[in-house]
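Residue numbers (the working numbering), protein chains in the order written: chain V, 1 to 321; chain C, 322 to 682; chain D, 683 to 1019.
No lab work stands behind these hints: they were computed from the structure.
Keep in mind the model is a prediction, meaning the values are calculated, not measured.
Note that the Cβ used here is the ideal one computed from N, Cα and C, for glycine as well.
Treat the hints with caution; some may be incorrect.
[Claimed, not checked] Okay, the calculated beta carbon distance ranges per label pair:
(1) D:844 to V:72: 39 to 47 Å
(2) V:101 to C:525: 34 to 42 Å
(3) C:520 to V:243: 54 to 62 Å
(4) V:305 to C:604: 49 to 57 Å
(5) C:454 to V:5: 56 to 64 Å
(6) V:309 to C:490: 25 to 33 Å
[Claimed, not checked] If we take Cβ atoms under 10 Å as the criterion, some of the chain C residues that face chain V in the derived model are:
(7) 361
(8) 422
(9) 425
(10) 589
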Amino acid sequence: MRYVLRRFAQTIFVVVLVTLLTSVALRFLPGGTDVLVALKTGPGATPEQAQQVVKDLGLDKPWYTQYFSWMSNFLSGDWGTTFQSNQPITTAVKRALPISAYLMVYGQLLALSTAIPVAVWSAYRQNSRFDRVSTTSAFAMLSLPNYIVAPVLMYFLSVQRKWIPFPSIYTSLFDDPVAHFKAFVLPSVTIAIPLFAGYMRLLRADMIGTLQSEFITTARAKGVSTANILFRHALRPSMFSLVTSAAVNVGALMGGVVIVEQFFILNGMGRLTVESIFRREYPTVQYAVVVLALIYVGVNLIADMAYAWIDPRVRARRALS
Amino acid sequence: MNTRLQAASRQVDGPLLRVTDLRTHFRTERGLVRSVDGVSFTLDRGKALGIVGESGSGKTVLSRSIMGLLPGRNTERSGSVVFEGEEIIGLSLKDRRKIWGKEMSMIFQDPMTSLNPVMRVGKQVSEGLRIHLGMDKDTARATALRLLQDVRIPEPEKRLDQYAFELSGGMRQRVMIALALACGPTVLFADEPTTALDVTVQAQILELIGEQRRDRNMSVILVTHDLGVVAGHTDEIAVMYGGKLVEKAPTRSLFANMKMPYTEALLRSIPNIEDPSHTRLNVIPGRPPDLVNPPKGCRFSPRCEYVQPKCINEEPPLIAAEHSDHVYACWYPVGSPVYRERRAQLDAEKRRAGHNQVGVA
Amino acid sequence: MSDIEVMLDENAPIIPIIDGAAPPKVRVRKRGRVTKWLAISWLVFITVSAIGAESLPYINHSCDQFDSDAECVTGTKANIRYSERPPAWAGFSDSPQKTEPARYGLMGTDKNGFDLFARSMLGARTSLIIAGLAITFGLAIGTFLGMIAGYFRGWVDVVIENLTNVLLSFPALLLAIFFVTFFNDPTTSAATTRPLWPVIVSLVILSIPPLTRLVRANTIAYAQRDFVVAARSLGAKGSRILFKEILPNIVPTLMSFALTGLALLIVAEGALAFLGLSVEAPTPTWGAMISFGTSALREGSWWISLMPAFMLFLTVLSINLLGDVLAQRFNTREAIS
């Protein structure tokens, strides 16, 4: 219990720091408040307009007050509007979040569903041709950045053979499932490739270690079948690194797939953030980044708690600490 | 030979297990390691056989080899193992799996690493029941509970849902025993079952194994390096050295009338509580033989106190002593003229060397 | 008919079986040596080519070789007459330009008429310099921070830990994009030449947190060892212990991490370039070339994008291979292939 509280406190602290830094970052822009005013109102703003902008953005108050007002805005959902088009920021984020979520989920599912069987079999049949092929390919995949994979996939599946439309046209899952999946196929495969490589290597290494344990011999001597041994006896104690990695990736993928989103023109959080940075839509950047950071931190916390469920020894160790 | 073990075709008379010239060799970078090099013996139903030897004698490989548990890739197994009238060498993996846990079981040395750390104890015990006897979850759980009671684990209800790390060493070994006995095997292999336990617990575990053996009319093969362990709990003892069987006798005969100098050396090396303090330990000098290139003659010859030229050049065959159930392999066994002469020499040297040595009575 | 290789691996020593325990994993990778040397040769080739990209004959034919200046095609001099030609060996691809020559060069030419091979080597130079500088500074700063955090603990550790955690809470690429944009003067438009340092600084900031974490963990582990306690009991100061006792032990891990980090930074720089945030034309970088070529890719001229991509892939692969070899040599947990 104490461990849970401690982790929770740690998380809160990080969240506070993150939100603090992002919320007061506006103050440190080179060019100062004039830049922000110019962005909002265009060149040639009157002093009253300038004052208004500064007040809206909370820049006239000291940083701690600004922080609190920003936080209250954030929590209440009153995020203000974009500079250029005066659209509420919440709308933009709300639209982008599910797209990133879909991408992340599809990518993870694809990667995990392929990585786990391959890793288990590679560990079981170590040094067989299958193992050598899979480890070599995984290694090569780790050297393929997504901005190479994406164009290649696009070339072979959208240009040479026109199976998938390019750029991706996002349709909701509920409107047209086929189009929905077509839109997500290439991006998901692109992000799944490095994920697969990482997961496969991690799990394989841990499985190899576990398969050498005595309790596997015991299970054998009991007459347990090979499949049973691999997936019920050996897999669970080997999942630690995999779970950690998958959890970290949930957060990382939500905002880190900028390139994939840009390339395939999927309006997810990554693209939103980057476009906002380019267009100097700083408040949007603030809110988007905080949302992403919160997701990341939150998922890590959950994963941490999940260890205790997966491995009861961890539960015991934590109870003592 | 692909016959499956059907209950109907089992023979009820004759030895339960007959091992004939079993050899297990491993192909390694260094060469062919002859871990088990021609071992033969029989085991009757309900009897306990102790297999004794140092590390490197091949005793562990022997037990796993009989069961067929060794990995296939670089292992060569030859000879014959007939279990209840059926040859089990050469069985496919699927058929071997039918035997494991159901007809033959094994308990291992270190229960901490031999039990799955993330699976509840109850589930591990009942797993065999569900696989081999097809029990449903509830029956299996109830049976597992009864098994835990049989092995005298306190608060068995609670233990069913606990994990291995929550139990003490002795309790873990009891769980291993319960696990192994779950489907009522006819042979139990106990591979150094007490080595990892406290001395006080060792006796309890051995008692437990003996008790289960009698109750179930089950045969036990007890593999250990500790003569003390086999002394009180076996009907017969086989001594292994360098991959070969060097002496086999009913327990009492072995201790009363041992023939092989190695056996004598083993016995002598056990410290005697009645010796005066600071008595030197009687170690057997030298190291176990290299199993890739074993000595030409008797494998113990490099370390034997009574070694003669013949021992180095010719390997002694297994011959019978006074009774046919006592066999040994030695050219100059304990009690022979050559032995007695040499013994006298050694005793004289010891007396000259110092007052701290006490000869064997 | 095979079993789980619980006890024996082809090359493992036999003795442990008899004791009942699992044998150590001893594996000799004979074929690994060939790939190691291939990787090293490739990297040497790339580095040499990158350094001498303008002058080395096999890269940049000087304009003297051509009949007239109008024919000259190099990495730095474009010739529109030779634009968009596939590589000489790519007989299956056709140029959208219908004039002669049908193909050109080792890697073809891009839309402007630059020789892609020469330009890729120039791009190599940029990418390698940026990534190399970034990893060096990142190593220096990260090691320093990690060591003082791990050795002195206390509030220094708390501050550094939390800063690291905060930085790590943001997706890396977004962080990099943010910093690059931040350091580039926001009031300047995108068309002017962008300097090198914002990219380098951003990548440095990106590489510090994981390095700090690694070094901190290692420092803590080593600081508890007896030889450190012994040194301290002899009166050695903290800084001396750090540099003479702990640092030499960390170096092997750092080296393999540095190689992997270098590869990652090359990829990161490529990512930034792909988004148009890295150094601008006329200095080519691989990422920019790939990005620039995607429009041509859509029309079927694959070489413009994929040839630089291949260069990048080979380079990153080679570095990763070497990093892995190093890690295996020092037996760290990082090496699992």
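So which of the earlier hints does this model not fit? Result: hints 1, 2, 3, 5, 7, 10 break, sorted rising.
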